[in-house]
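Kindly generate the complete structure, drawing on both the sequences and the hints.
So you can see what is in the structure, the chains are spelled out below.
There are 2 protein chains.
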Amino acid sequence: MQDFDLYLPTHIVFGKDKVNELPKLMAPFGKKVLLTYGGGSIKKIGLYDKIKDLLKDAEIFELSGIEPNPKIGSIRQGVKLCKEHNIDVILAVGGGSVLDASKNIAAGAFYDGDPWDLVKDNSKVGKSLPIVTILTLSATGSEYDASGVISNPETQEKLPIFGDFAPRASILDPVYTYTVPKNQTAAGACDIMSHTFEQYLVKNGNMLTDGFCESMLRTVIKYAPIAIKDPQNYEARAALMQASSFGCCGLLNIGRDFSPWPVHGIEHEVSAYTDITHGVGLAIITPRWMRYSLNEITAPRFAQYGVNVWGLDKNLPQLELANKAIEKTEEFFKSLGLPSSFSEIGIDDKHFEDMAKHLCDNWGDLGLALTPLTRDDIVAILRNCL
Amino acid sequence: MQDFDLYLPTHIVFGKDKVNELPKLMAPFGKKVLLTYGGGSIKKIGLYDKIKDLLKDAEIFELSGIEPNPKIGSIRQGVKLCKEHNIDVILAVGGGSVLDASKNIAAGAFYDGDPWDLVKDNSKVGKSLPIVTILTLSATGSEYDASGVISNPETQEKLPIFGDFAPRASILDPVYTYTVPKNQTAAGACDIMSHTFEQYLVKNGNMLTDGFCESMLRTVIKYAPIAIKDPQNYEARAALMQASSFGCCGLLNIGRDFSPWPVHGIEHEVSAYTDITHGVGLAIITPRWMRYSLNEITAPRFAQYGVNVWGLDKNLPQLELANKAIEKTEEFFKSLGLPSSFSEIGIDDKHFEDMAKHLCDNWGDLGLALTPLTRDDIVAILRNCL
Chain A
0 MQDFDLYLPT HIVFGKDKVN ELPKLMAPFG KKVLLTYGGG SIKKIGLYDK IKDLLKDAEI
60 FELSGIEPNP KIGSIRQGVK LCKEHNIDVI LAVGGGSVLD ASKNIAAGAF YDGDPWDLVK
120 DNSKVGKSLP IVTILTLSAT GSEYDASGVI SNPETQEKLP IFGDFAPRAS ILDPVYTYTV
180 PKNQTAAGAC DIMSHTFEQY LVKNGNMLTD GFCESMLRTV IKYAPIAIKD PQNYEARAAL
240 MQASSFGCCG LLNIGRDFSP WPVHGIEHEV SAYTDITHGV GLAIITPRWM RYSLNEITAP
300 RFAQYGVNVW GLDKNLPQLE LANKAIEKTE EFFKSLGLPS SFSEIGIDDK HFEDMAKHLC
360 DNWGDLGLAL TPLTRDDIVA ILRNCL
Chain B
0 MQDFDLYLPT HIVFGKDKVN ELPKLMAPFG KKVLLTYGGG SIKKIGLYDK IKDLLKDAEI
60 FELSGIEPNP KIGSIRQGVK LCKEHNIDVI LAVGGGSVLD ASKNIAAGAF YDGDPWDLVK
120 DNSKVGKSLP IVTILTLSAT GSEYDASGVI SNPETQEKLP IFGDFAPRAS ILDPVYTYTV
180 PKNQTAAGAC DIMSHTFEQY LVKNGNMLTD GFCESMLRTV IKYAPIAIKD PQNYEARAAL
240 MQASSFGCCG LLNIGRDFSP WPVHGIEHEV SAYTDITHGV GLAIITPRWM RYSLNEITAP
300 RFAQYGVNVW GLDKNLPQLE LANKAIEKTE EFFKSLGLPS SFSEIGIDDK HFEDMAKHLC
360 DNWGDLGLAL TPLTRDDIVA ILRNCL
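Note that the protein sequences, when read in sequence, are chains A and B.
When you line the first sequence up against numbering that gives the first Met the number 0, it's residues 0 to 385, in that order.
When you line the second sequence up against numbering that gives the first Met the number 0, it's residues 0 to 385, in that order.
To be clear, the hints were calculated from the coordinates, so they are not data collected in a lab.
Any given hint could be a false lead.
Identical copies look the same in the list; a pair holds intra-copy or inter-copy alike.
As the list claims (entries may be wrong) - In silico DSSO-like pairs for lysine-lysine, Cα to Cα no more than 27 Å straight-line:
| id | residue 1 | residue 2 |
| --- | --- | --- |
| 1 | LYS42 | LYS17 |
| 2 | LYS17 | LYS202 |
| 3 | LYS126 | LYS79 |
| 4 | LYS43 | LYS30 |
| 5 | LYS123 | LYS23 |
| 6 | LYS313 | LYS323 |
If you want it as structure tokens, here you go:
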């Protein structure tokens, strides 16, 4: 078994109307709050007013308009606000983009230079402002992890940032996800599954966390279609929200081989160039990556996935099981209404070489993926997505 | 899905020789250390000397001789040491007994009265000293939770204590469990399984954490016999140690019906009167509790356990599956060499009525167990254990 560190300092408060615990959860951190959010859906669902009412004793500054694939421009604005107003705590309300941006802002508040420096060189991340979150989209797991992903349109880069800025508390009320549109629900489900695949599909797993990963996948496979068909189904929204939080926190990864998260690496390149929805990119790339990685050595792992997640007959030959499991995955993403090729969403092969080069220069060692990947392999996988 | 809070502030550092990180992990808490341990096995395995060497810049006071089913007398001694020497941090090295005792001591250090008051009335638990642990026995999960169980021989009580004293860090090196004898390894495995059963076997589970629980059980069932046969098998010791930590931390419990942990309640009464090993009591009581709780309403849950953990044929009738699953459980505990009746270990029915009365007066609501239990039911289950 591989060694591991596990540190999950976020207090998760999960359930309907748990927002009422916000004042108690915010109290230890101070009165000067930077409220961060996106395009205003939190106003439509009444959450904005509710927060203002609950925190009427606090001094609230706002950074709104944080975009999907959050851009360094928003982060620079946020950092400026923190420094100008001596902010004590960030309240991030939204999905992964708002939360990820808030992490970069939290670290930027104590950094003298441009916050993009922190993304380019994570070793520069030091002290950070405390963050409390209210989640409105089940997908990225940012509510329960210590990382974010930030885009820089000027340099066409989308890169991860890691630091000691896991949220101090996250309020998870599935009701806030009732208004998430079908396509975003589907993309979020795909993101949760991809986080799991990135850790599950390694050479040497671990019996305990293999089981955790398989339960994650079965849960999303059961509940995502229900949430898409019946957006106000509490059980389904709750199951996805709960699964979201465990995707990236480290729990699924314990005792397993290191994984360089190849599908996320490839997808980040594609959305750095095209700004597509992260989960959509993952839905297209995942089955191609799986097929490209399948061989006699890796077949048993895909076969295990097929048996324990899709209920395939364990007596079938390993390679047949593996192929069927990959087909099931591809069909499932299609059944959620997600695009299944780049051409469907207008992406051509123009930047594939640049993407592959940038990925190999800036990402973890893809030689450590389930099947080792070179720059040429990345280009081949991207071509298979067309 | 049921609401939940999840807060796991312990930093888990897992792997061979991770004790070398001790100075770094202890540094934030101060230089005056109370080192707590049991009967001296930590000296035999060289861990005591290693700690002394690693913490040579600290001022170390010692409380040794903490016994199994830790007694309030040891805790009183520990509290006295903390107060006399203005201890900054407790370093608890051992199994669940040492860790549980240290939690009561940590809270007692800031309490003016007798530390037994804190056990009798958990609302009196306030501020606590920070605790760092080094685990030497895989069983109780105390290394990753915020509770302990303390015995008072004067009153023949064994009761839980809860507080804000989850360890700040726990070092988990499976090698330290190589010398754990077969019977203690077996009892520990049974304890881990029982923690899982107490949360898994409720009326309404949760798809995600059902899967987590089933993976816990399969892992212990696979690796406990290996660890017993081959005590220095790293993989087996590591699998048990990893499973130990998730037993009581709250993870397995999320989104599920409340459980009053009936088997632990009953076992605590038995060991309060007889001082038997906790895991031995659980091995005897668990199958009897399962059989007593089995009926047409609860059969599907036991059947699910049989199919997903023991690999039984899902096409069998539910009641047959349930009975087979319980038989498998009983046979498994026997196969580990654990006693399977009270008479085997010299326990008679003399105190059963008193135990049942004390349990019903002092434990959570057993009316909320999988099958509701009254005082008479407890006596009946105890009689079935003879």
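Structure versus earlier hints - violations, ascending order: none
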